[in-house]
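Each protein sequence line maps, in turn, to chains Z and B.
Note that the working numbering has the first sequence beginning at 1, numbered continuously upward.
Note that the working numbering has the second sequence beginning at 1, numbered continuously upward.
No lab work stands behind these hints, which were simulated from the structure alone.
Keep in mind that this is a model prediction, so the values were computed, not measured.
A hint or two may mislead.
One copy or any two copies: either way a pair holds, since identical chains are not told apart in the list.
[Stated by the list, open to error] Heads up, simulated DSBU-like pairs for lysine-lysine below, C-alpha to C-alpha not over 30 Å straight-line:
{"id": "1", "residue 1": "43", "residue 2": "86"}
{"id": "2", "residue 1": "85", "residue 2": "43"}
{"id": "3", "residue 1": "88", "residue 2": "43"}
There are 2 protein chains.
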Amino acid sequence: MSNTEALPLITPEAPETAAPCCPPLTERPMSPEEAETAARMFKALGDPVRLRLFSAVASHDGGEACVCDISDVGVSQPTVSHHLKKLKEAGLLTSERRGTWVYYRVEPAVLAAMGQLLGTR
Amino acid sequence: MSNTEALPLITPEAPETAAPCCPPLTERPMSPEEAETAARMFKALGDPVRLRLFSAVASHDGGEACVCDISDVGVSQPTVSHHLKKLKEAGLLTSERRGTWVYYRVEPAVLAAMGQLLGTR
DNA sequence: ATACTGATTCGATATCTATCGATATCTCAA
DNA sequence: TTGAGATATCGATAGATATCGAATCAGTAT
C-alpha cells in the first residue's frame, strides 16, 4: 500500500479553480471535519526539518528543486526522504522523476489556501 | 512551577511594532533557527482539537472566550486545558483569569506573522 | 552485465504526545 | 468555614513520529 495519496486541502482535479478547504479561522468556529483537513497541513509544516525543506523548494529557482539540491539540512538522506514524503502526503508538494533525479515543487494553491485560513488578505 | 513562557515569534515586549519572525517561506531557504521558531507555531495548529479551540477563540465575540464557551470539542476537560496550554506556550493565545472564569484571546500579531510567512499579500 | 549514483523503503528504537481519571487549586456564595 | 463550580496539574498509558543504518529500487554509464 502506501500510495502517497494527496489529501484534498484543495480540489485536486482542478487546482486552478481551487476552493480553499476552509473559511478564515476567525470567521466562525471550525467544524471537526474542516479542522481535520487543515490540521494536516499545519502539522506537516510543524517540524523544523520539513519547514526548511519546504522553504528550500518554494524558494528555489523555477519553483522546483531536486532532492540533491535541498538535502543539506543536517539529517540523513533517508530522513530527508521521509519528510518529503510527509509533505507530499499532506498535499503541499508534488514530485516528478526526471532521469536520475527527483524534483519536488510546491502545490501552488496550497499557500493561498493557508493564507485564506489565516484571514490574511 | 512551569511558568508557561510565551515563545518569541514576535517580540513580546512590543507587540505593536511586531517584527515577524521570518521572511516569506518562498523568499529564501529558512535558517535552522527561523525554522525552529516558525515550526512551533505550525505545530501548535497541527492538531484538530487545538485548531478548533483556536478558531473558537479567534471567532468569538470581543476576540476572547471563556474556557467554558469553547470546551465542547469532544474531549475531556483536562485535555482541553492541556491544549490551551500548548497554544499559550506557542505564543498564539494569552489568558487572563476574571473571577471564576479564565478568558483566552488571540495574540494579534501572530496571525499577521504567519500570513507573512506564507507570503500571502 | 556490472558498477555507480540518487532516492526510497524497511525495520528498529528512543522520544514525544494526546488522552484520560484523579486530584489539586482558585473563586465565589451561603 | 464549608460547599460548589471552573480550571489546572499529576501520573499513567497507548499510539504516533523522527531518526538511523541496511537493504532495495531506478536510472545511467562503462
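Between the shortest in-copy and the shortest cross-copy C-alpha distance, which are at most 30 Å for residue 85 and residue 43: within, between, both, or neither? Answer is both: 13 Å inside a copy and 18 Å across each meet the 30 Å cutoff.
(request) State whether the alpha carbon distance between residue 88 and residue 43 is at most 30 Å within one copy, between copies, both, or neither. (result) Cα proximity of residue 88 and residue 43: in one copy and across copies (12 Å, 17 Å).
Review point. When no copy is named, should residue 43 and residue 86 be tagged within, between, both, or neither for a Cα gap of at most 30 Å?
Key: both (10 Å within a copy, 14 Å between copies)
The earlier numbered hints are all upheld by this structure, with none contradicted.
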